[in-house]
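Chemist: Each number in the working numbering comes from the position in the first sequence (counting from 1) with 232 added on.
Derived from the structure by calculation, the hints contain no laboratory data. The beta carbon of each residue, even a glycine, is placed where N, CA and C say it ideally should be. Honestly, I wouldn't trust all of these hints.
[What the hints assert, rightly or not] With a cut-off of at most 30 Å between alpha-carbon atoms, the simulated DSBU-like pairs for lysine-lysine come out as follows:
| id | residue 1 | residue 2 |
| --- | --- | --- |
| 1 | Lys434 | Lys766 |
| 2 | Lys434 | Lys840 |
| 3 | Lys481 | Lys697 |
| 4 | Lys1098 | Lys1061 |
| 5 | Lys581 | Lys551 |
| 6 | Lys469 | Lys760 |
| 7 | Lys634 | Lys583 |
[What the hints assert, rightly or not] Listed next, with one range per pair, are the computed distances between beta-carbon atoms:
| id | residue 1 | residue 2 | range |
| --- | --- | --- | --- |
| 8 | Leu761 | Tyr613 | 34 to 40 Å |
| 9 | Thr1038 | Leu492 | 27 to 33 Å |
| 10 | Gly376 | Ala449 | 18 to 24 Å |
| 11 | Leu744 | Arg966 | 50 to 56 Å |
| 12 | Glu413 | Leu761 | 24 to 30 Å |
| 13 | Asn813 | Arg919 | 43 to 49 Å |
| 14 | Gln385 | Leu492 | 37 to 43 Å |
| 15 | Lys304 | Ala1076 | 58 to 64 Å |
| 16 | Lys294 | Glu982 | 26 to 32 Å |
| 17 | Leu492 | Lys634 | 43 to 49 Å |
| 18 | Lys470 | Lys634 | 32 to 38 Å |
| 19 | Thr654 | Gly824 | 49 to 55 Å |
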Amino acid sequence: MKPKKIAAAKARKTTKAVSSKSKAAKKITAKKPAARKVAAKQVKAQAPTAKNIAYDPQIIEKKWQAKWEADKLYRAVIDERKPKHYALTMLPYPSGDLHIGHWYAMTPSDARARFKRMQGYNVLFPMGFDAFGLPAENAAIRDGIHPMKRTYQNIERMRKQLKSMGAMFDWSREVVSSDPEFYRWTQWFFIQLYKAGLAYRKMAAVDWCPKDNTTLAREQVIGENRVCERCGTPVIKKDLEQWFFKTTKYADELLRFDELDWPQTVKTLQTNWIGRSEGASVHFKTEAGEDIEIFTTRPDTLWGATFMVFAPEHPLVDKVTTPEQKAAVEAYKAQAARQSDIEREAADKEKTGVFTGGYAINPVNDERIPIWIADYVLLSYGTGAIMAVPAHDERDFAFARKYDLPIVPVIQPEGVTLDGATMERAHEHEGVMINSGPFNGTRATDEKGMANPAIKAVVEWLEQKGIGRRAVNYRYRDWLISRQRYWGAPIPMVYCEKHGWNPVPDDQLPVLLPEDVEWKPTGESPLKLHPTWKNTACPECGEPAVRETDTMDTFMCSSWYHLRYLSPHYNKGPFDEKEYNYWMPVDTYTGGIEHATMHLLYTRFFHKALRDMGITEGNEPMIQLRNQGMVLAEDNSKMSKSRGNVVAPDRLVEKYGADTVRAYLMFFARWEMGAPWDSQGIEGSARWIRRTWILFTDPSTTLRSAQDEPIAATDETKKNLRRKVHQTLRKVTRDFENFEFNTIISSLMELMNEMYKAREAGAVGTPEWNEATEIYLKMLAPVAPHIAEELWTHQMGKPYSIHQQTWPKYDEEAAKEDTIEIPVQVNGKVRDRIVVAADASEKAIEATALASPTVQKFLEGRPPKKVIVAQKRLVSVVV
RNA sequence: GCCGAAGUGGCGGAACAGGCAGACGCGCACGACUCAAAAUCGUGUUCCUUCGGGAUUGAGGGUUCGAUUCCCUCCUUCGGCACCA
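Just need the whole structure built from these sequences, with the hints factored in.
Modeler: Structure, rendered in structure tokens:
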């Protein structure tokens, strides 16, 4: 049993009695059971008094939301006298209803933005809607409701729900990505990227339903046999000319994170996603007369390349295939094409392949090597063809053993002699080069790329000889922008027979989506089917030309929306430079980890590309990033409509009020981790908010301070209260900085419990009490903005608004303890606790510890071998 | 398979920088109030115990006077990538 606990318990015991204002009530602080009973009865008889108002969040929350809005309290306006803070949280897709996950992402972000504001920053905290996208279009196909209508209805509904959070969103800066005044600039950016040479067209495969005659998104392809979601027809791959952005041009820069305060996990995810590997590009001749470049990370093993493997779809396959092998090759190609991606990518799948009959020449030793095709070589990576070095690559080894191809070791590990005929696995590690002509004896390490002396030597030699060069390859692909959809920003390009593709002139932007469109049940793009929309004039010659009927990936909108918030209605450019110069970059960006690779990489790419065009400044758009976790359903599963286990924030707000919901979301889990929802758990937060209300409104507080009664509190009580206040302030300040919301709430709960205790001890009306109430409410303000405002402005009569107050500074001196309790260990076990003055010397602490009878008992008369006094935290005695 | 994150009471979690494990809250038990219930308030709540104490932060080892924290091996869960040449 800890002394702390006893004290707290005592405080709680007397709370009830104190709700009386009578003189008798004062007596009962001496806590005789009989007296308490009397007091409680009196309370009942008096209640409700005018002063003893019940907590009604429905009334106060609506009241303050209306007033804040009317007063434009959260308008963010450039103010050069103040440091700026651009806090951004990812904008929602208007799906219809706000989800508890939105609340979980947004309300702690809001609390932190509010904290920053109270710290003196000029804070911009905007909100908007990522309004284009597939769900609205699907609904249109299903129900015949126009996506525009549905989207804007949803936005209206969700805007209202968002406002019920009591967040400090500056709604005057709201953006909706499907508004023409927004997508005009999305289109403008496309054109800028096009003009900068970063947009190009190429053929790319899409998943296609041959029956519905339409492209399918990944989630519209169902099951292992990959059928169309609508009609069950097996999906095929279809090649279409599509628009791409050259994101890979920035791959190397995107791998640099030195200006970013981002979670390590996100940086790792992006690094893996980009998948940079260093090596060499090597030129091979084939006997069919066509040359081929291959990429390898191990040019040091070139002398061990005993065959080549092409991807079955590789365009050169037909050229190198001999007539005798043609049938086998065709058969293999056909079965590879039939396989789903999933089957093909199964890791444990046995290697298969077919000899083409063709040969290539290994350029380093002029050996004639056979060309095979196999589905373990992917057309999408590297050049779609590899040199196979079975002695030093597991996959090539398995393939060579299966088809009885030669294995020649060229890297000899220390103390072992590798023999191609008998070795049981590939040797993928360090050793000394052998069988490698001029390089025999060169040391190959486990280092990758040019850091490996063997690779470096060979690459330099290849370059000299003109048969290869240093090369870097990426897993990362260029960004495919085209979507064969209606509900997106039209790609502002026009095709003319004579002049090819040209951008729509600026003065004709935006290219508006036609509203008079119809949906076929198949999902074919209405833009393609529209009778007149695509007809236009060539910007070059004025002759009849056609518009691009594809629209843009919605990631395009989210790549720059943070810039539109700067000046949502500005019409001379995508943003007002003045606003940009003041607010950018985004200081704090919050959102889900699921956007780690796509959205966040696209946004960084976009910013860098714009920087190089002189449109933006700085290298990064968002300096600090934090990810929240996920709120799971009570049974630990994911929440989903189909499972019927979603938690509706609207109903929680009705039942508990927004302040309680906010507090619980901050309290119930580590923010970055998330946790299952607990419908009982929220009662605890509701209780805390209610007890806060009672602490400030109960007659035992309000009347006591009004009556100027003599102060009963001892100096010690007052000092303890002040200490707790400043300790809490120190902790809450630090926790806000670090996004540790759960411990902010628990610290505030502790302080509140302490304040109840202090009230019992007669502290109401003292300067310490008044300071405690002020600081408590200021710390509460970012968490529970409504109740804090009500208690501050209305109940205590302090100047409106609490949200314009400055964050208090903690007093280090006041937070200091007078005495400290130090545990004493004997042989590593805690045996006693001693109380010493906070400024006691180590010597004094040691003496006190050794003098303790308990410690003496455990010493059993033995002299201590060693006594360690650890910085006023612990004494460790070793015998 | 590779990369990353995380494993602490019945539950969510706390523990600044190697120094009292379990703050704060939920739940539960008992009690007060109540005709009763809800609400509220109070007390207790890691496990074992011969009441001396012992064990305990996924498991096992190591470093240290001292490890939830650092190192090694392993297990489990989650996330990412997945034949990447």
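Chemist: Hint by hint, which ones does this structure get wrong, listed from lowest number up?
Modeler: Violated hints: none; all satisfied.
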